[in-house]
Amino acid sequence: MALVTRTKLEIFVEAHALPEVEQMLGDAGFKGCSVFAGVEGAGAHGPWRQTGVDEAGIRLIVAIGSDASAQTALTWLEVYFQSYPGVVALSEVSVLRAERF
Amino acid sequence: MLMAAGAANLLTPAVLFFALGAVAGWLKSDLTIPDQVAKTLALYLMLCIGFKGGVEAAASGLSADLVAAGGLGLVLSFGTPFAAFVALRTLGALDQVTAAATAAHYGSVSVVTFAAGAEYLRAIGVEFGGYMAAVLALMETPAILAALLIAGGGGKSAEARLKPSLWREVFLNGAAIVLIGSFVIGAITGERGMARLDVFVGPLFQGALCLFLLDMGLVASRRLAEAPRLRWPLVGFALVWPLLSAAVALVASAALELSLGDASLMALLAGSASYIAAPAAMRIALPKADAGVYLSLSLGVTFPFNLLVGIPLYHAAARFLYG
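Residue numbers (the numbering used here), protein chains in the order written: chain A, 19 to 119; chain B, 1018 to 1340.
For reference, chain A alone in the conformation it holds in the complex (with noise of 0.2 Å):
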């Protein structure tokens, strides 16, 4: 089995923030993206859920490439959360077909 380490990126953020950190996240050498909405959870300013009315809209986006990759976007992350809540986790992770990463 072939496998290939690459990094992964796990970012939360508002849902408004989506469509910026899609377009960074190709600008940074992404070749793909995967988005889930929260339900709820807690963080620094309290509990939060999803309703259908005052919705925190919370986004996880999942990003797996190269490590420069991974680098140049948590440049970007890092300034962004200078004015916006969110946060961003990364791993090293192994992956089969590596040449779509």
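Keep in mind the hints are simulated off the structure, nothing from the lab.
In silico EDC-like links for lysine to aspartate or glutamate, alpha-carbon gap of 20 Å or less:
(1) A:Lys26 / A:Glu117
(2) B:Lys1305 / A:Glu96
(3) B:Lys1305 / A:Glu38
(4) A:Lys26 / A:Asp45
(5) A:Lys49 / A:Asp85
(6) A:Lys49 / A:Glu38
(7) A:Lys26 / A:Glu96
(8) B:Lys1045 / B:Glu1243
(9) A:Lys26 / A:Asp85
(10) B:Lys1045 / A:Glu58
(11) B:Lys1056 / A:Glu58
(12) A:Lys26 / A:Glu38
Partial list, derived from the structure: chain B residues whose beta carbon lies under 7 Å from chain A:
(13) Asp1052
(14) Glu1243
(15) Arg1300
Predicted model, so just to flag it, every value in this text is computed and none were measured. C-beta atoms are modelled at their ideal positions from N, C-alpha and C, and glycine is treated no differently.
Please build the complex by placing chain B on the supplied structure of chain A, with the hints as guidance.
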């Protein structure tokens, strides 16, 4: 008379369903309305309000009342945040950004409070202009712009506030598109359009409003339970400010010689606080503002207050003022 009107309002299905949701949330019931259902209901309510308003506005034509009500709505929406900001800074001791964001909520308006108020007036046989739906739409945005002026600032933070996504959120959010678009469609199609959508925007409306208010009760009580940081001066602001705003709107409405129904709705709009348009815009424009404060006040305190007490109270005050 006021007590009787209040009791009649409290015993309507819409208010009782709101109370049911609030109690269920308070008791930590597992009752939930799926968020996509709640979103669909919100869009449906806005479609009905906009469409019916457009049809009625088309029937009455471009009147001086429409211009007067629209102008007053714009002034109230833009001016209210400046006064509310001072009150929140002095009485509530909020930081500048959170006070500005909260003030935006009290200048902007609540669509569901408007819907419940309009249904209340219809139920007791008080007529109002269909164009009040357009006034509702007009009053959503100026408060947000006022809050940006109040928050001020320069350099990088100002760039963040004026980014394109903010303008997209302010002017092109789904709720605004449906409300204004439905109003225009109603105005274009008039009675012919109403004949086709009569059942959809008529008899079904009350049931949808009840279901939506059930969800609102759940959301409001859960938000209050999760907001231990709210101090009593802020809760007092959320209860007293709507009364002051409504009083100003009533006096101005009387001075402009708006009808009793229009004045009642104008007071209700002025006394209501946004919890859909304003929070979405403030998350983009003033991300450092504490959403736990502004959402808890507008949704957890002012919305229930207006639904339970404000609607009959503002109308009773209008009746008193109009003799």
